[in-house]
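Number of protein chains: 2
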Amino acid sequence: MGVEQHKELLGSIGVDVDRHAKMMAMGLDAYKAQFLGQPNRPKGMAYFDWFMSEIQGQRIAEINQLRAEKKPAVGTFCIFVPEEIVVGAGGACYGLCGGSNATVADAETELPRNICPLIKSAHGFKLQRTCAYTQSSDFIYGETTCEAKKKTWEILAKHHPVHVMNIPHMKREKDLKMWQEEIAEFKEHIEQVSEKKLSLAEMIEGVKKVNAKRSALQRLDALRGMNPDIMPISGKDSLFITQVGFMDDIERYTQKVNELCDELEERVREGVSVFPANTPRIMILGTPLAPPNWKIHTAVESTGGAIINEESCIGHRYYKDNVDVEGVTSEDELYARLMQRYSKIDCACFTPNTGRTEKIVQMYKERKADGVIYYTLSFCHTYNVEAHLVTEALAKEGIPCLVIESDYSPEDAGQIKTRVEAFLESISFKQKAQAFASK
Amino acid sequence: MGVEQHKELLGSIGVDVDRHAKMMAMGLDAYKAQFLGQPNRPKGMAYFDWFMSEIQGQRIAEINQLRAEKKPAVGTFCIFVPEEIVVGAGGACYGLCGGSNATVADAETELPRNICPLIKSAHGFKLQRTCAYTQSSDFIYGETTCEAKKKTWEILAKHHPVHVMNIPHMKREKDLKMWQEEIAEFKEHIEQVSEKKLSLAEMIEGVKKVNAKRSALQRLDALRGMNPDIMPISGKDSLFITQVGFMDDIERYTQKVNELCDELEERVREGVSVFPANTPRIMILGTPLAPPNWKIHTAVESTGGAIINEESCIGHRYYKDNVDVEGVTSEDELYARLMQRYSKIDCACFTPNTGRTEKIVQMYKERKADGVIYYTLSFCHTYNVEAHLVTEALAKEGIPCLVIESDYSPEDAGQIKTRVEAFLESISFKQKAQAFASK
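In order, the protein sequences belong to chains A and B. The numbering used here puts the first sequence at residues 38 to 476. The numbering used here puts the second sequence at residues 38 to 476.
Same shape as in the complex, but just chain A (with noise of 0.2 Å):
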C-alpha cells in the first residue's frame, strides 16, 4: 500500500523515488502522532485515514490514469483558480505540496530566506522532486495574489511549465471585467492541454461539481461551529478534511464529506462532543494552511481549546460561496458568474479588503466563539499588514484575539504552545468571571 506499490509509476514522472518515501514515511508518521490518538473520532475519518497513507500513492496513480486519458492534471497554490474549468473538462484540478520545512533549505539555493514558507517549500518540493502532484501537473496554474509567488514563478518556470492568472489590485468593474477575461482565457489554456474543445454543458457539469463539494464543507462548517454546547468532531480532523479537498477525486471526496456529516448530525442529535463543556471556541484567521502544516491546530487542541472554523483559504474563504449557474445559456454568462463568485473572496491581497473585518466579527458572533487566533505565515505582508485593521476591529468589540506569525520550521513549537495556553487561561477566566458576575 502506500507510495512503494507505486514506485515505478513515480520513477517515470521524475520523482527522486528514495528521497521521496522518506518524506512520505515522515509525514505519515507525523500524521499517526497528531491525528490517531485524539479521543472519540468520528467513523468517518477512517476514509480520511486511507486517504492520507495514499495521499502520493493511490491518488496519483488516478491523476496520472486521467492524464493517459488526455485529461488536464493543473496544480495550483491559490483558491482563485476556477478549477470548475478543469472538472468540467474531467480533469484534476490540485494544490500543490507548500507545507513542509523538509524543502526549504533546498529553495532557497534560489529564493531569498525571508518569503512566506509556503512559496519556499512549494519552490523546494519542485527542486527535490519530492512532489507527485507537481510532477503529474501538465502546467502549474500561478497567480499573482502576492509579489513573492508572483516573481518565483518566473524562476520556477525554469523547471516545470508554468502559466499566471492576472488577479487585479482592487475590485472596480473595469478590475472585474478583466478578471472574467482571465477565466475566458483559462478555458482556452485547458482547451489546449486536452486537445479537445471544452462545452458550455461541460463546464456547467464542473460547476455543479465544485459546488456539491463546496456545499459539503459548508454544511461540516456549520455542525463543527455552529452548535455552541456540541462539537462533534475536532478542529484538526475538519482542518485536515478541507487539505484532502485540495487533492481528493472531486465526486469520492463530496461523497465522504457527506456521510461523514450525516454521522456529526446524528452527533449533534445525540449530544456527542469530542471536547469537555466550556472548551473555549477559537477561530482561526489569516493565511493558507498546507499539510502537513497541523501547528496551530495542535498547539491549540492540546492545550485545552477547540478550533471550530478557518477563516483561510483552506477553509471558509475556500467553500463558502457556490457559482450560481441557473439560466447560464452563454459562455460569457458563465464566465461573469465565476467571475462574481471568485470575487465574492476577500483575500488581503486586494485593496480595500474592508469587507473582511465585517464578516469576521459577524462569523463570530453567529458562532458564539470565544476567541481568535490570528495566524500568519512569516513574510506574508498583506494579511500582516492587514493585521493591524482587523485587530483593532476585533478589539472595539471586545473579541480576545492572539496573532501569531510563524514559519515551517519546529523550533518555534514550544513559544506559541506557551502563548496559546495563556490565551485560552484568559479566556477560561474571563468565562468564569462572567458566569460568577450573572449569578
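Honestly, I wouldn't trust all of these hints.
Identical copies carry no separate label here, and so any pair may be met within one copy or between two of them.
Distance condition first, Cα-Cα at most 35 Å in a straight line; then the derived DSBU-like pairs of lysine-lysine [said to hold, decoys possible]:
{"no.": "1", "residue 1": "Lys402", "residue 2": "Lys195"}
{"no.": "2", "residue 1": "Lys245", "residue 2": "Lys467"}
{"no.": "3", "residue 1": "Lys433", "residue 2": "Lys396"}
{"no.": "4", "residue 1": "Lys69", "residue 2": "Lys108"}
{"no.": "5", "residue 1": "Lys357", "residue 2": "Lys208"}
{"no.": "6", "residue 1": "Lys405", "residue 2": "Lys69"}
{"no.": "7", "residue 1": "Lys405", "residue 2": "Lys433"}
{"no.": "8", "residue 1": "Lys405", "residue 2": "Lys195"}
{"no.": "9", "residue 1": "Lys107", "residue 2": "Lys357"}
{"no.": "10", "residue 1": "Lys69", "residue 2": "Lys233"}
{"no.": "11", "residue 1": "Lys107", "residue 2": "Lys405"}
{"no.": "12", "residue 1": "Lys224", "residue 2": "Lys214"}
{"no.": "13", "residue 1": "Lys233", "residue 2": "Lys211"}
{"no.": "14", "residue 1": "Lys214", "residue 2": "Lys69"}
{"no.": "15", "residue 1": "Lys195", "residue 2": "Lys396"}
{"no.": "16", "residue 1": "Lys107", "residue 2": "Lys245"}
{"no.": "17", "residue 1": "Lys195", "residue 2": "Lys467"}
{"no.": "18", "residue 1": "Lys195", "residue 2": "Lys433"}
{"no.": "19", "residue 1": "Lys245", "residue 2": "Lys108"}
{"no.": "20", "residue 1": "Lys214", "residue 2": "Lys234"}
{"no.": "21", "residue 1": "Lys357", "residue 2": "Lys214"}
{"no.": "22", "residue 1": "Lys224", "residue 2": "Lys381"}
{"no.": "23", "residue 1": "Lys195", "residue 2": "Lys59"}
It is worth saying that the hints were derived from the structure and are not from the lab. All figures in this text were calculated on a predicted structure; none of them were measured in a lab.
Since the structure of chain A is already known, use the hints to place chain B on it.
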C-alpha cells in the same frame, strides 16, 4: 537659517516642532560628516549643501506659498506618479521622508516589524509628525507597486488623505490601457484639489519642465559614469543631487544641475577626477535610496571604490526616459504618451521583467564598470526574488556582483563595510591579474 526661522509655519502645518528640530539637526550633522570632507568637491555642490540646510526650511515655505495660491502639493513614494501633471498645474510633487531609522519604532506600533524600512520610516514620520513634506501635502499619492505599501495606505489613510494609483502586475495591452486611465483620473483629482481646470497646454508645459529636469540628470549620469578614466564627482554627491531632485523647485533645480554639469564637463576636459586612477567603478542595482540613507555609498567610497550609477528608482530608472510630446493635440494622446514613458520603467513589481537584466548588462558595458552591488532593502520581496535571475545573468557575463540586503539600522554598517572591502579587493586583484596577463 534652516528650520529655526520657519518654526511658526512648521507648527501651523502640524509638525511636532521640537522633535523635528532635533531630527533635522541630526540629519544635518550626518550630512556634514559624510559629505563635506570629500576631497576636491565641485564648486557647484555649494547649492546642494545649501539645499540640505533648507531642506525642511525654506523649501517648505515655498511649498506652502504655492498651497496658499491653491496650487497642488502632492507627496509620493514612487516614480510612477506622473509629476508632469502636478508641475503643469503649477504645484509641487515631491518624495516624502522615508529614509530614516529614527521613525521606525513609532511605525512598528501599527505595522509589522518585518516589512520594508522605507515604508515603516515613512509611516513613522506621519505618526511622529516630523516630516514637513508629509504635513504640507494636500494628499499622499500611493500606488500598488508593492504589497506592503498597498496595504499600508489603508492604515496611513487614518492619519492623512491618501489616493491610490493602480499600477498593474503585467504590461499587456489591456494593462497599459488601464494605466492610461489612471493617469487621466489623477489629472481630475489634481483639478479638484486646485479647484481649477488644467489645460492641455499647461500639461505640455509641465512635461517640458520635467523633461528638462530629467535631461539634466541624464547629463550628470553620463559625466560621472561614461568617462572610464575620469570621475569628476563622487557617487555620494551624485546620489544626493538625485535625491534633491525629488524635493526641490523644478526650474531652479534643473538650472543648478546644468550649471554643475558645465563645471564637470570642464573637469573632464582638464582630467580632474575625485578618485585616484584604477579606482574600482561600481554600479548599484536595486531598491530606492531615500535620504538620509547614504549607507552603501559611504561604505563603498570610504573603502576605495567609486559608485558611477544607481540603477534604482532614485537614480537611472527615474530619469532615463523623457516624454515625447511632439505633435500631441489631445489630452488622451498626452495620457497615452505619459503611459508609454512610465511603462518603460522596469520595476521588479512587473512579471515578467526580463528587460531589466538586459539593460543592466548593457549599462555595465557602456560604462566600463568593474562590478555591481545588488542592493535591496530588507523584506522587499520583488527586488529580492528578482535578484536570483539578475545575478544568474551577471554571472554568465562574468560580471562581479555583491548582494547586500539591509535596513536603516546602523548595526550592520561594519559588516557591510567589511564585505564591500573584500569585494573591492577581489576586483582590484582581478584587474592586476588581467594587466599582468596582457603584458
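Here is what the structure says about each hint:
In this homomeric assembly, Lys402 and Lys195 come within 35 Å of each other (Cα to Cα) only across copies, at 27 Å, whereas the closest approach inside a single copy is 48 Å. Proximity of Lys245 and Lys467 under a CA criterion of 35 Å is satisfied in neither setting, with 45 Å inside one chain copy and 66 Å between copies. Proximity of Lys433 and Lys396 under a CA criterion of 35 Å is satisfied intra-copy only: 15 Å inside one chain copy versus 51 Å between copies. In this assembly of identical chains, Lys69 and Lys108 lie within 35 Å of each other by CA distance solely inside one copy; the values are 34 Å within and 69 Å between copies.
In this assembly of identical chains, the alpha carbons of Lys357 and Lys208 lie at most 35 Å apart whether taken from the same copy (19 Å) or from different copies (33 Å). Taking identical chains as interchangeable, the C-alpha atoms of Lys405 and Lys69 lie at most 35 Å apart only when both belong to the same chain, with a minimum of 31 Å there against 62 Å between chains. In this homomeric assembly, Lys405 and Lys433 come within 35 Å of each other (Cα to Cα) only inside a single copy, at 17 Å, whereas the closest approach across copies is 60 Å. For a Cα distance limit of 35 Å, the shortest separation of Lys405 from Lys195 across copies, 31 Å, qualifies, whereas the shortest one inside one copy, 49 Å, does not.
Taking identical chains as interchangeable, the C-alpha atoms of Lys107 and Lys357 lie at most 35 Å apart only when both belong to the same chain, with a minimum of 31 Å there against 50 Å between chains. Neither within a single protomer nor between protomers do Lys69 and Lys233 lie at most 35 Å apart by alpha-carbon distance, with minima of 43 Å and 71 Å respectively. When the C-alpha separation of Lys107 and Lys405 is checked against a cutoff of 35 Å, the pair qualifies neither within a copy, at 48 Å, nor between copies, at 53 Å. Proximity of Lys224 and Lys214 under a CA criterion of 35 Å is satisfied in both settings, with 16 Å inside one chain copy and 24 Å between copies.
When the C-alpha separation of Lys233 and Lys211 is checked against a cutoff of 35 Å, the pair qualifies both within a copy, at 31 Å, and between copies, at 28 Å. Taking the closest pair of Cα atoms, Lys214 and Lys69 never come within 35 Å of each other, the shortest separation being 47 Å inside a single copy and 54 Å across copies. In this assembly of identical chains, Lys195 and Lys396 lie within 35 Å of each other by CA distance solely across copies; the values are 21 Å between and 40 Å within a copy. Within a single copy, Lys107 and Lys245 get their C-alpha atoms as close as 22 Å, which meets the 35 Å cut-off; across copies the closest is 58 Å, which misses it.
Proximity of Lys195 to Lys467 under the C-alpha cut-off of 35 Å is restricted to the inter-copy arrangement: shortest distance 32 Å between copies versus 54 Å within a copy. Taking CA atoms no more than 35 Å apart as the test, Lys195 paired with Lys433 passes between copies only; the shortest distance there is 16 Å, against 48 Å inside one copy. For the homomeric pair Lys245 and Lys108, the shortest alpha-carbon distance inside one copy (18 Å) is at most 35 Å, but the shortest distance between copies (57 Å) is not. Taking identical chains as interchangeable, the C-alpha atoms of Lys214 and Lys234 lie at most 35 Å apart whether they share a chain (24 Å) or sit on different chains (31 Å).
Proximity of Lys357 to Lys214 under the C-alpha cut-off of 35 Å is found in both arrangements, the shortest distances being 23 Å within a copy and 34 Å between copies. When the C-alpha separation of Lys224 and Lys381 is checked against a cutoff of 35 Å, the pair qualifies both within a copy, at 21 Å, and between copies, at 31 Å. Taking the shortest alpha-carbon separations for Lys195 and Lys59, only the intra-copy value of 26 Å comes in at or below 35 Å, while the best inter-copy value is 52 Å.
The earlier numbered hints that this structure contradicts are 2, 10, 11 and 14.
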